[in-house]
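A.B. asks: Sequence:
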Amino acid sequence: MPGWRTAIGRGIRMRCPSCGKVSAFEGYLRVRRECPICAAPLGRVPCDDAPIYLTLVIALHIVILSMVLADEDGGMSWVESLVIFVPLALALLLLLLRPVKGATLAIMLKVNLLRPAAIRATPGNG
0 MPGWRTAIGR GIRMRCPSCG KVSAFEGYLR VRRECPICAA PLGRVPCDDA PIYLTLVIAL
60 HIVILSMVLA DEDGGMSWVE SLVIFVPLAL ALLLLLLRPV KGATLAIMLK VNLLRPAAIR
120 ATPGNG
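Quick note on numbering that gives the first Met the number 0: the sequence shown kicks off at 0 and runs consecutively.
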């Protein structure tokens, strides 16, 4: 596993944090089971809920700051605010979610925070 800066940078670029050669995602948010190049156990990293909360914090700070700066004089109606800032919030959330999930994946993989491997049923084991 590379250093912190390299691993997080690869995660933000949505690549495997370990080798950086392959996408860490199979779809929009589905993480690969493991890296086909370096066999890093990407699917065992429990990064399900934290990325959305971090993305909400980042995106909504940007939207709220934009709202405050755009409506300094108080002349913007609520309809104008809805038309401008709801799509802005949705676009920011959709644009930031994958890079934030990639960075979260990299951090959790770096500190070796993994789910236990699935226990295979063997004959006589129940």
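Quick caveat, the hints were computed from the structure, so don't treat them as lab data.
Any given hint might turn out to be false.
As the list claims (entries may be wrong) - Restraint ranges, calculated between C-beta atoms of paired labels, are given here:
1) Gly42 / Ile11: 37 to 43 angstroms
2) Met0 / Ile51: 40 to 46 angstroms
3) Leu81 / Arg114: 36 to 42 angstroms
4) Ala116 / Val21: 18 to 24 angstroms
5) Gly73 / Trp3: 20 to 26 angstroms
6) Pro115 / Pro35: 44 to 50 angstroms
7) Ala38 / Ser65: 28 to 34 angstroms
No residue lacks a Cβ here, since even glycine has one placed at the ideal position from N, Cα and C.
A.B. asks: Look at each hint and say if it fits the structure.
C.D. replies: Here is how each hint holds up against the structure:
no.: 1; hint: Gly42 / Ile11: 37 to 43 angstroms; in the structure: 20 angstroms, violated
no.: 2; hint: Met0 / Ile51: 40 to 46 angstroms; in the structure: 25 angstroms, violated
no.: 3; hint: Leu81 / Arg114: 36 to 42 angstroms; in the structure: 41 angstroms, holds
no.: 4; hint: Ala116 / Val21: 18 to 24 angstroms; in the structure: 21 angstroms, holds
no.: 5; hint: Gly73 / Trp3: 20 to 26 angstroms; in the structure: 45 angstroms, violated
no.: 6; hint: Pro115 / Pro35: 44 to 50 angstroms; in the structure: 22 angstroms, violated
no.: 7; hint: Ala38 / Ser65: 28 to 34 angstroms; in the structure: 43 angstroms, violated
When each numbered hint is compared with the structure, violations occur for hints 1, 2, 5, 6, 7.
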